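The whole structure should be built from the sequences, with the hints applied where relevant.
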Amino acid sequence: MSARPDILCIGSVLWDVIGRSDLPMVAGNDKPGRITRLPGGVALNIAMTLRRFDLTPALISVVGDDPEGRDLMSACGRMGLMTQHMLVDPDLPTDRYMAIEAQGNLIAAIADAHSLEAAGACILVPLWDGRLGAPEAPWSGPVAVDGNLTEDLLAEIAESPVFAASDLRLAPASPGKAERLRPLIGHPRATLYVNLEEAGLLTGTVHAGAQAAAEALVAAGAHRALVTEGGDAAACADDAGCRLCTPPRIEARRVTGAGDTFMAAHIAAELRGASREDALNQAVLAAAAYVAGEDHG
368 MSARPDILCI GSVLWDVIGR SDLPMVAGND KPGRITRLPG GVALNIAMTL
418 RRFDLTPALI SVVGDDPEGR DLMSACGRMG LMTQHMLVDP DLPTDRYMAI
468 EAQGNLIAAI ADAHSLEAAG ACILVPLWDG RLGAPEAPWS GPVAVDGNLT
518 EDLLAEIAES PVFAASDLRL APASPGKAER LRPLIGHPRA TLYVNLEEAG
568 LLTGTVHAGA QAAAEALVAA GAHRALVTEG GDAAACADDA GCRLCTPPRI
618 EARRVTGAGD TFMAAHIAAE LRGASREDAL NQAVLAAAAY VAGEDHG
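To convert, note that position 7 of the sequence shown is 374 in the working numbering; the numbers rise steadily by one, no gaps.
Everything labelled a hint here was simulated from the structure, so no lab data went into it.
None of these values were measured; they are calculated from a predicted model.
Don't be surprised by glycine CBs; every beta carbon is placed ideally from N, CA and C.
A portion of the hints provided could be inaccurate.
Stated by the list, open to error - Pair by pair, the computed Cβ-Cβ distance ranges are:
(1) Arg401 - Gly597: 32 to 42 angstroms
(2) Ala587 - Arg419: 27 to 37 angstroms
(3) Asp438 - Thr572: 13 to 23 angstroms
(4) Ile617 - Pro391: 29 to 39 angstroms
(5) Ala575 - Ile477: 25 to 35 angstroms
(6) Gln470 - Gly588: 34 to 44 angstroms
(7) Asp438 - Asp599: 31 to 41 angstroms
(8) Ala619 - Ala442: 37 to 47 angstroms
(9) Val492 - Val384: 26 to 36 angstroms
(10) Arg620 - Asp397: 20 to 30 angstroms
(11) Arg371 - Gly571: 39 to 49 angstroms
(12) Gly640 - Lys398: 38 to 48 angstroms
(13) Pro457 - Ala587: 25 to 35 angstroms
(14) Ala394 - Gly497: 29 to 39 angstroms
Next comes the structure, spelled out in structure tokens:
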């Protein structure tokens, strides 16, 4: 593994606790299924997928100095992810995410990222103190940032000199946090990765489809926007126009992490030199394989 990371992944690094059932479910149901605990969080999901594409990501986040945090750091290290720039805080518990899925659909989820929010700008110290960058020599590579950061911290990133040369890739984390990304919409080097609902929240409009939503985000000032519409379409828009891709038809077996896989696959394809059209196609295929359970991730 190289001493310098290929990309920084800033945001949630936590344990995913996910219950999945093959039976239909609605609120209040109690059904048999399987419960797993896996390393997760948007930033970590992106990093894990990037590693599968032979890239070396560095995680920028926080864990507690507790058994859960130590186990999570060890798991990340075994996967080949750089963890030396992570903040380990003895006063904060390691964050968690809990979800229920049935027949490939998300029934409900709760994201407990309170420690990440409490740590705030402290997680960014390695970009200021020379380890990864400094105001006079900012990090010049790609940076994946997720919306589990507070709106204040995202606004700080938008103006910070240590991100002045960065290729910013932004993920909202969930519809409930999409509007946190508003301070970065007009950033001249930022690419947005959102689903159709999140695009609507950012623009204040209900869009007919992925293409309309991506074009609306660019019209609102976004440098570039990628919008996914479940299994129906994915679009990438910028000043040069809009590209549309239709995913293959699959049987959905899981959904948590699909958007992170799409984003990571797109970044990896572009870092390998793929054209914008090919990068979009590769991202769509990677996300479809993930949802179908074909990548064994």
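Q. In ascending order, which of the hints set out earlier in this document are inconsistent with the structure?
A. Failing hints, ascending: 1, 3, 4, 8, 13 and 14.
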